[in-house]
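Trainee: So the chains spell out like this:
There are 2 protein chains.
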Amino acid sequence: MKFAKTHKDGAARAGIIETAHGNIETPAFIPVGTKATIKGVHPHEVKDIGAQVVLANTYHLFLQPGDELVKKHGGLHKFMNWAGPIVTDSGGFQVFSLGAGFDKSVSKMGEKKEVQSRTPAVFDEAILNEHGKLAIVDDEGVSFTSHIDGTLYRFTPERSVEIQHNLGADIFFAFDECTSPDADYDYQREAMNRTHKWAKRSLDAHRRNLDSKQAIFGIVQGGRHTDLREESSKTLGDMNFDGYGIGGSFSKEDLGPALDAGLKHLPEDKPRHLLGIGEPADMFEGVARGIDTFDCVAATRLARNGTAYTLDGPIDLRKEPFKEDMNPIEKDLPDSPSAPYTRAYLAHLFRAKEMLGGMIVSQHNLYFILKLVDDMREAIKEGRFEEFRKEFCDRYYV
Amino acid sequence: MKFAKTHKDGAARAGIIETAHGNIETPAFIPVGTKATIKGVHPHEVKDIGAQVVLANTYHLFLQPGDELVKKHGGLHKFMNWAGPIVTDSGGFQVFSLGAGFDKSVSKMGEKKEVQSRTPAVFDEAILNEHGKLAIVDDEGVSFTSHIDGTLYRFTPERSVEIQHNLGADIFFAFDECTSPDADYDYQREAMNRTHKWAKRSLDAHRRNLDSKQAIFGIVQGGRHTDLREESSKTLGDMNFDGYGIGGSFSKEDLGPALDAGLKHLPEDKPRHLLGIGEPADMFEGVARGIDTFDCVAATRLARNGTAYTLDGPIDLRKEPFKEDMNPIEKDLPDSPSAPYTRAYLAHLFRAKEMLGGMIVSQHNLYFILKLVDDMREAIKEGRFEEFRKEFCDRYYV
Numbered sequence: 025m026k027f028a029k030t031h032k033d034g035a036a037r038a039g040i041i042e043t044a045h046g047n048i049e050t051p052a053f054i055p056v057g058t059k060a061t062i063k064g065v066h067p068h069e070v071k072d073i074g075a076q077v078v079l080a081n082t083y084h085l086f087l088q089p090g091d092e093l094v095k096k097h098g099g100l101h102k103f104m105n106w107a108g109p110i111v112t113d114s115g116g117f118q119v120f121s122l123g124a125g126f127d128k129s130v131s132k133m134g135e136k137k138e139v140q141s142r143t144p145a146v147f148d149e150a151i152l153n154e155h156g157k158l159a160i161v162d163d164e165g166v167s168f169t170s171h172i173d174g175t176l177y178r179f180t181p182e183r184s185v186e187i188q189h190n191l192g193a194d195i196f197f198a199f200d201e202c203t204s205p206d207a208d209y210d211y212q213r214e215a216m217n218r219t220h221k222w223a224k225r226s227l228d229a230h231r232r233n234l235d236s237k238q239a240i241f242g243i244v245q246g247g248r249h250t251d252l253r254e255e256s257s258k259t260l261g262d263m264n265f266d267g268y269g270i271g272g273s274f275s276k277e278d279l280g281p282a283l284d285a286g287l288k289h290l291p292e293d294k295p296r297h298l299l300g301i302g303e304p305a306d307m308f309e310g311v312a313r314g315i316d317t318f319d320c321v322a323a324t325r326l327a328r329n330g331t332a333y334t335l336d337g338p339i340d341l342r343k344e345p346f347k348e349d350m351n352p353i354e355k356d357l358p359d360s361p362s363a364p365y366t367r368a369y370l371a372h373l374f375r376a377k378e379m380l381g382g383m384i385v386s387q388h389n390l391y392f393i394l395k396l397v398d399d400m401r402e403a404i405k406e407g408r409f410e411e412f413r414k415e416f417c418d419r420y421y422v
Numbered sequence: 025m026k027f028a029k030t031h032k033d034g035a036a037r038a039g040i041i042e043t044a045h046g047n048i049e050t051p052a053f054i055p056v057g058t059k060a061t062i063k064g065v066h067p068h069e070v071k072d073i074g075a076q077v078v079l080a081n082t083y084h085l086f087l088q089p090g091d092e093l094v095k096k097h098g099g100l101h102k103f104m105n106w107a108g109p110i111v112t113d114s115g116g117f118q119v120f121s122l123g124a125g126f127d128k129s130v131s132k133m134g135e136k137k138e139v140q141s142r143t144p145a146v147f148d149e150a151i152l153n154e155h156g157k158l159a160i161v162d163d164e165g166v167s168f169t170s171h172i173d174g175t176l177y178r179f180t181p182e183r184s185v186e187i188q189h190n191l192g193a194d195i196f197f198a199f200d201e202c203t204s205p206d207a208d209y210d211y212q213r214e215a216m217n218r219t220h221k222w223a224k225r226s227l228d229a230h231r232r233n234l235d236s237k238q239a240i241f242g243i244v245q246g247g248r249h250t251d252l253r254e255e256s257s258k259t260l261g262d263m264n265f266d267g268y269g270i271g272g273s274f275s276k277e278d279l280g281p282a283l284d285a286g287l288k289h290l291p292e293d294k295p296r297h298l299l300g301i302g303e304p305a306d307m308f309e310g311v312a313r314g315i316d317t318f319d320c321v322a323a324t325r326l327a328r329n330g331t332a333y334t335l336d337g338p339i340d341l342r343k344e345p346f347k348e349d350m351n352p353i354e355k356d357l358p359d360s361p362s363a364p365y366t367r368a369y370l371a372h373l374f375r376a377k378e379m380l381g382g383m384i385v386s387q388h389n390l391y392f393i394l395k396l397v398d399d400m401r402e403a404i405k406e407g408r409f410e411e412f413r414k415e416f417c418d419r420y421y422v
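Same order as they appear, the protein sequences are chains A and B. For the first sequence, my numbering gives the first residue as 25, with consecutive numbering after it. For the second sequence, my numbering gives the first residue as 25, with consecutive numbering after it.
Hint data in this document are derived by calculation from the structure and do not stem from the laboratory. What you are looking at is a predicted structure, and each value in this text was computed from that prediction instead of being measured. Beta carbons: idealized from backbone N, C-alpha and C, even for Gly. One thing to keep in mind: the hints can contain errors.
[What the hints assert, rightly or not] To give an idea of the interface, some chain A residues facing chain B are shown, with a C-beta separation under 8 Å as derived from the structure:
#	residue
1	K59
2	G74
3	P89
4	T366
5	R413
[Said to hold, decoys possible] Footprint (simulated), chain B over chain A, 3 or more residues, beta carbon under 8 Å:
#	region
6	90-101
7	284-297
8	344-350
[Stated by the list, open to error] Heads up, simulated DMTMM-like pairs for lysine to aspartate or glutamate below, C-alpha to C-alpha not over 25 Å straight-line:
#	chain 1	residue 1	chain 2	residue 2
9	B	K276	B	D356
10	B	K288	B	D208
11	A	K95	A	D359
12	A	K405	A	D349
13	B	K63	A	D266
14	A	K96	B	D208
15	A	K63	B	D336
16	A	K347	B	E92
The following block holds chain A by itself, in its conformation from the complex (with noise of 0.2 Å):
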């Protein structure tokens, strides 16, 4: 993997990052195919409406259908039909967000609940039990029970690579302890001491494995406190990863300063992603703040649910108004694969519980956040980046 920025305005950088199944052109938006499957859409109608990369879940298709059975498919490109490039997380986010119970919201701002991860010296499969947890964490990895069927697994560094290699996508994640944003600080500071310890472990598996062609992304942590994640930027930013990605859940307020603060001592010449965040106002802040990458998977969700993007803010259109609504979703975006429909017939889809309305919406709302970047991207290398931002966030409306 190579990466190479081509533009800068401020400290919004524009750049094309270089891998075995081609390029993608940063900023860039990772829509998100949890089971090797964008929810609803095929994937030539992926590519079709302008995405470059697509990203999969380790943690859940590890359960299921293991990744014993993508290796023998030649590895998730072959398994899922899409040719280009390819990202896993490292299933940390997920050990954690399906166990410990913070929230899971797309935005990750957490509603206040009690953080479930522990620090037992044994693990004890009988406090696991007896207290209904599905993770626990110790120094060496994590313990956690299937969401699907209750099976107990174990997730260490080498292991989550060992998946991960097996999947076979272009990049992938090092294992990490993504903490819920209620912990308090010497909780933060702890998890993030293990997630640099799991980093530096991950490296050195990944770095064994000679053949590889995939790329390793380290993971800055260190929640809500800016000085927690400078000391993660710096330690993580001093190991010889590929490129980084900032985890974490954060709160509106906080995203920014996590950002400065969690970028700051990232070497400038590598690729960073921010992780799980899709919505068009963080993205701006992300851009803004030197972000090359994200994922969400807010687009394909809500869409399911009915609400779709248009330029002056997201619409539901199971209600009322929009069944007699003879317009498209949005008439300036005459591209879009929504085009052809009226709102009343995507209302009338929704109502009728047809699956098409979820199918032409989640295209429509990808097609829309993949625009944005692309946008966002022309911008900076016109050296508008801050023009646009004002033009777009003026008329669009939360």
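Take the given structure of chain A and dock chain B to it, following the hints.
Mentor: Same frame as chain A, but now just chain B:
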């Protein structure tokens, strides 16, 4: 609408139906888009896999979103973004089948259930509520409650025609009473006579609309009784319909004799549609006897449940052996939209409850049936229909 027979091979025929929205080469299979969408398949994909024409259901569209909204779009073609020919049924089958409680399975072969339709002298809402029935028929029409919200509605032949004018399909059907195959002889005769009167009223109501470019088909009924089928064939055949449908629910054994009798007196120069039938063996039965077109939900309904057509018969991809099966659904159909995917991947999608499984297999099953009917048409043109039938059926195992 014009119809030209171009080839004969025994009683089997090939021809062309010309409509205002394009030609239909027959024999033809018509995918069903009940609520103005072929479930799980984009309209352009329906076209790409070989569909020439689609069918939508009057009953469902009347209830949701309402025929007036469809009319406001300029008719179904614009509403559902399908530029080719469209057929609507009369609503009769749904009014009775969703009401009378007889079998709604794909093959339309009924389990034994009590026939609920009856003929009260005066329509009595109290009786309807008391008996929990959804449909009560009288000589003027049918009163029924919506399967969605229980609202009481009434269809007459004139109302069905009015709704179908609003929907604006190229071909639509006269309103009929569709009986259960278990109804006794006397009831079948009574219902048939009513269907004949309704056919005349539908035809008259349609011909009063002088501007209409729509074609109207009459529906032959008569259940499993060949004398009734012959009588219905004669009576309807003498009316000046643009084409004909063979209606009713059949058991496997009844289909051949019912077709022989039902087609007996229909004019040779008008197209004949077999309603709700689409299993390969049944379509061979139909084409061999001179049926020109078919519609059926089986291909997409089976697909959503994980069953895929192969040349050796249907397979249920949710079953254990397919979990690690590295073959495509049907290696002898390399142009199927399912060709890039292994059975193992599709099995994973169904187990993971991912939309894409049903989406891919729906396309595959439709492609399979459409190609089968294409192949029948070519075989008729080459005078080897029975040879092709034997070749296909020797391999295909249900």
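Trainee: It remains to establish, for every hint, whether it holds in the given structure.
Mentor: Cross-check of the supplied hints:
1. K59: 5 Å, holds
2. G74: 17 Å, violated
3. P89: Status holds, d = 4 Å.
4. T366: Since chain B brings a Cβ to about 7 Å from T366 (chain A), closer than 8 Å, the hint holds.
5. R413: Violated. Min distance 34 Å.
6. 90-101: Per the Cβ count (3), the hint holds.
7. 284-297: violated (count 0)
8. 344-350: Held - the region 344-350 of chain A has 3 residues with a Cβ nearer than 8 Å to chain B, which meets the minimum of three.
9. B:K276 - B:D356: 28 Å, violated
10. B:K288 - B:D208: The given pair, whose Cα atoms are some 23 Å apart, holds under the 25 Å limit.
11. A:K95 - A:D359: 37 Å, violated
12. A:K405 - A:D349: This hinted pair is violated, its Cα atoms lying about 38 Å apart.
13. B:K63 - A:D266: Cα-Cα ~44 Å, so violated.
14. A:K96 - B:D208: 59 Å, violated
15. A:K63 - B:D336: Distance of about 30 Å is beyond 25 Å: violated.
16. A:K347 - B:E92: With Cα atoms ~12 Å apart, K347 (chain A) and E92 (chain B) stay inside 25 Å; holds.
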